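Student: What follows is the residue order along each chain.
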Amino acid sequence: MISPRVLRNLKKEFRSSHLAKLGLVLVVAVLLVAAFAPLVAPHNPTAQNLDQSKLPPVGFAQTSTETTSKMVNGSIQTVENTTVIEPDLAHPLGTDGLGRDMLSRVIYGARTSLMVGVLGTLLAVLIGVPVGLVAGYYGGSVDDALMRVADISLAFPSLVLAIALIGLWGRATYSIPDPFVVAGLTPAMPEASTLPVTVVVVVGLVNWVWFARVARGEALSLRSEEYVKAARALGASDGRIIWRHVLPNAVTPIIVLGTVQIAAIILLESSLSFLGFSGTTLSWGFDISQGRDYVSSGQWWIATMPGLAIMLSVIGINLLGDWLRDALDPDIEGEGGA
Amino acid sequence: MSQRTESERSLDSETLLSVRNLSTRFFTEEGQVNASESVSFDVRDNEVLGIVGESGSGKSVTALSLIDLIESPGRVTGGEVWYREPDLAEEFRARDGVSVEGDHVDLRTVPESVRRALRGPSFSMIFQDPMSSFNPSITVGEQIAEAVEVQRRARANPRSTRSRTQGYGFARYLVDTLVPGRGYVTESSKERAIELLEQVGIPDPAERADEYPSQFSGGMLQRAMIAQALAGEPDLLVADEPTTALDVTIQAQILNLLRDIQAERGMSIILITHDLGVIARMSDRINVMYAGEVVERGRLEDIFENPVHPYTQGLLGSIPDLQNPQPRLQPIEGNVPSLFDSEMGDGCYFADRCPKAMKSCLEKPPQRPVEGSEEHTAKCVLADRSYDPSEAISGEEVHE
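In order, the protein sequences belong to chains A and B. If you read the first sequence in our numbering, its first letter stands for residue 1, the second for the next number, and so on. If you read the second sequence in our numbering, its first letter stands for residue 339, the second for the next number, and so on.
Note that these hints are calculated values from the structure, not bench results. It should be emphasised that the depicted structure is a prediction, and the values quoted were computed from it without experimental measurement. Just so you know, even glycine gets a beta-carbon here, dropped at the ideal spot from N, CA and C. Worth double-checking, as some hints may not be accurate.
[To be verified] Some chain B residues flagged as far from chain A (calculated, every beta-carbon gap over 12 Å):
1. Gly369
2. Asp406
3. Ser410
4. Val436
5. Arg446
6. Ile482
7. Glu484
8. Ser552
9. Asp598
10. Ile599
11. Ser680
12. Pro704
[Stated by the list, open to error] Which residues of chain A face chain B? A few of them, derived with a C-beta cut under 8 Å, are:
13. Asn9
14. Lys12
15. Ala90
16. Gly139
17. Gly140
18. Glu225
19. Glu226
20. Tyr227
21. Lys229
22. Ala230
23. Ala233
24. Leu234
25. Gly235
26. His245
27. Asn249
28. Pro253
Next comes chain B alone, as it looks inside the complex (with noise of 0.2 Å):
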């Protein structure tokens, strides 16, 4: 099985992170949503990894269950996920429980509170709707400040997990907020914020930085977002949707701003969005995702040139192009799966809609290793031969 290797494969000094089979299923009333299942992939420092797909394929999910974020009824049920920090691998080498190897450390097996340390300075995160995103009671540079005032006590001791964690209980926050004298945020984190404001591109940030974030346009709200979510200097940003909400011209500023920074700063970004276009223009890598599952995998051309999963060939299909118009565009047929278990079939879960399905689609396909490029995968039949019309199965037979 090609899955094994992927997970025996030696975690270098250049992988930043490395998620292994990580699995998060909903336990809902309903019954058991598996809504992403066996993710694999790996975020090199300082680059741009994309990941694409429809709506409910599981991308979103992925990207939370990775920092932790699900909530209930949700679960992250398996998996692992290997995050570089040599202090901490050091810190946990000897500790039972822990999987520890070289400088990575596997995030599923450290207590929460490690976990909720790191979200900031190693992770952080923009959300999709920017207006939505700054609590609406507070000014946006008093929450930016307060971000900013969170790192900084989190770094000025961080020998120990105890003392990582310190700064952020809420013991801590009361007596700060409550004892005249002792405000939370200090001048310097606000003077922080205001650098931050100004580095997104936010005209007069020092004046901006009072205002409430309905005084504030969607585009200048996902710039505060970028500037809080770089508060803590983060080593991974995860960008789910960062640019769905906006339109079109400050889309583009919008990525040209994360990719500016992103060089700059030499962080990697785990993008996540539907629009072909935006991977295109960003990714250094791609991962295509489908009902819960990585399909395809590879560098950006190797995607864009040589798509091996019909279900990518499909997504290209559907883009415009405006050097060859065609009268219609070649939409692909039907709609997401259901993500039940119990509706999940065993074959591979884009065999009903496939117009390429072969007998063979009725069992489910492994990652397989595409010819031509050594970081090239799709997990399809066709990864290593060619379509043969004579094994055909049409959708209903798939069904059955």
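Only chain A is shown next, with the shape it has when bound in the complex (with noise of 0.2 Å):
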């Protein structure tokens, strides 16, 4: 799995590519603005603030012009006031509806979107990976009543299976203290962060197919492997040889589209959340669906920002996953190799 060759290869392919620099330097800054998001953020993310409502980005001042009419004799005369709004350095992205700190919303918004994409991805993977490795290893009818119901699942869009699974079961959430919080770091932020644990379940449920054929794929093939004939020549049991000599040897392909799929499940639990259906109000998709308000009147940056930070953290990790796939992959593997 992960020898001393592979260690190479990745090394080899990081310095060739810039792209995988790029990538590398996204994911762990979205990474570590998750993981500090109390000491990173200048203000409470839920703080509002009336006073401060709508400013603009630093660098954006904002002009509006008011129009009123007033009755002067007997005509009607418009008058028209324009006012500069000013950003606030306090607020580099600006404030919301509400005056709330767009760039601590954002910041900690990385969380919830991270921990949907991370524990979604997960559970995907122990569904769909134990799946797809037993229909592959076993073949025949285990195979075929397996995959049918990976097909059944597939024909459903995801987004609409979502929203079903999210109807029937409602919204469960729950709530997971913030360390820094509760050590009395920063005692002006957020107790808790929110996990929205029936999405998570439902972008699991609706992502597991994709491993499950990728697993199952690898299986068929490395069954007909020598070394599998030769483990069952000596004794060990079929759970062995999935564990032992499938398993391992099927990792690289499910790793690379691990990578890709919490950027698939990111977008996804932005989709549920913009259409109100996370049960978190601290989501990347949530300000989304807010901001969409403001956009016809002018305050763009409230859509914006958040939609800046899904779409980095969405490429940052895509081409970690093309960095991984290019280095993982024996097929290019080699010493001229793309």
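Since each chain comes alone in its own frame, lean on the hints to assemble the complex.
Tutor: Below, the structure written as structure tokens:
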């Protein structure tokens, strides 16, 4: 699995690829920001301040023109009052309609997205990989049965399936206490992060199929390997063979798929939050849906800032996935690799 | 019918394994393939039994059926595999559905878990291609040590079938690998693996044990595979084309090694090959297979000095003779027949390629004893008569 050769390939590929470096920088940045959100965020992301609502981001002074009509001497006069809203350096990315700091919200939103992305992918792996390995290893009717189930769940559009499941189960959430607040380091910050449990379960259930398919394909080719036959000839059980001989050799494409799936699940979570299904009010998708109302009235940043955050983290994770694929895929291994 | 007398022959105490009428079929979408048909043979203690035949003659299928490793869509459809194991015989003597005769148990009738438990300590197998027979992501030493460990744990509690399969199970394995401080493979198994590597002639075994299969050469890996197969100290080693993938000098080394180990441990070997040179060098007795059947069997000298079946004669005729070089070798005309059930005729399967086909070959010949040696039999009308050109038929006539 993680042999010196793999590490060497990873390093070689990393040195030669600027995109891989960019991806790693983005992902590490998002991870750090999410982990140390209470220390990084300048304000409490949930604190409202109506006096300072709709402040624009630094560098984007907003002129708003207010037109008032007055009846003067029997005729209508329009008076235009132009006010300039200056950005406040305390809110570098501006504030939303309720005066909450956008930067802090984007920083905290990373927590929700990453938690859902990683846990949802983990769940999908835990369901999909065993199903795929069993289907591929045993073949025959077991394979047919499991893969038909997979095909059926693939036939549903994932967003529709997700909404249906959330409608069925409701929006369960779980509060994770923030260690920095518990330790008393950042008393002004929210005490807990909300993990939208239903969303995690739903994205796991929607995305397991991809892992099942990849794992099945690998198991299908690995089961006819001579060393699997040799292990059986030595008395190994099916479980042992799958665990010891099939899984480790199937792990590379699963890792690569996993990174891509984290990005896909972050997008799915944002879509669900945007539609109001997530159960947490501190997420990128939720902020975009809030900001949507303000776009037409000129406060574009409320929707754009979380959108940019989604874009950068998804790009970062995908670039990282490309790097892993190029480095781990034995097909393009070797001296003159692409 | 002589086949009946064959299966009625009693099991004597020197017979380690007796295979009777073992048939394996593959049920493909194109039809049923009779890969091996009513194959019978005995393996005695401390002997090398050679199985020889062309590609596609059912040699490997027979070996895999024997230790129950046939994969779907193939299935063992009939026959008996009597194996001498007094403890097992005792355990199953009164059990319904299990055939026991003296110290022998018919392995086709015992539960699958028992058959699996026998793989390793009783039968072991080495395969043709050493390069692909090791998991590329685990070191060679660890793979051998794991085989040692499995057998050691199985042996620690040999009483009942249930406990005999302990230590093989997945749940136990998970606990051992996931709980810290409970590594599955113990130090003594690792040492044993290094010992085994040393026995099969790998230099610096302690260092080589920590290397991955990709760092080994083909010959070294074949040695390592033999070491792994010996981990359970099997009574019977099935060697399926053990030297085919190796170059000639390494072949000789591996064959000598197998011979030495066989003599030293007193185990039996079933050697499967298409190479008559290998057979001549290694075997005590020989089965010649054609189209899924054993067509001739006998001791080494019976087959090489007095071959009766025209197929065996053909095989021997296609070896270059260094003493009397011929301008051309005498190959057997034609190809191995289709093994699809629908396309196999009623007569002798070799008749259409046989230079000595006669009218009586249109009926299936039984296995008949050949005069001059009590162990020599052939599935051919020529076993007890001589060729009569007046009855000759051609290949085309056979097809009609």
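Student: If you check each hint against the structure, which ones fail?
Tutor: Hints 2, 3, 6, 7, 8, 13, 14, 15 and 28 contradicted; others consistent.
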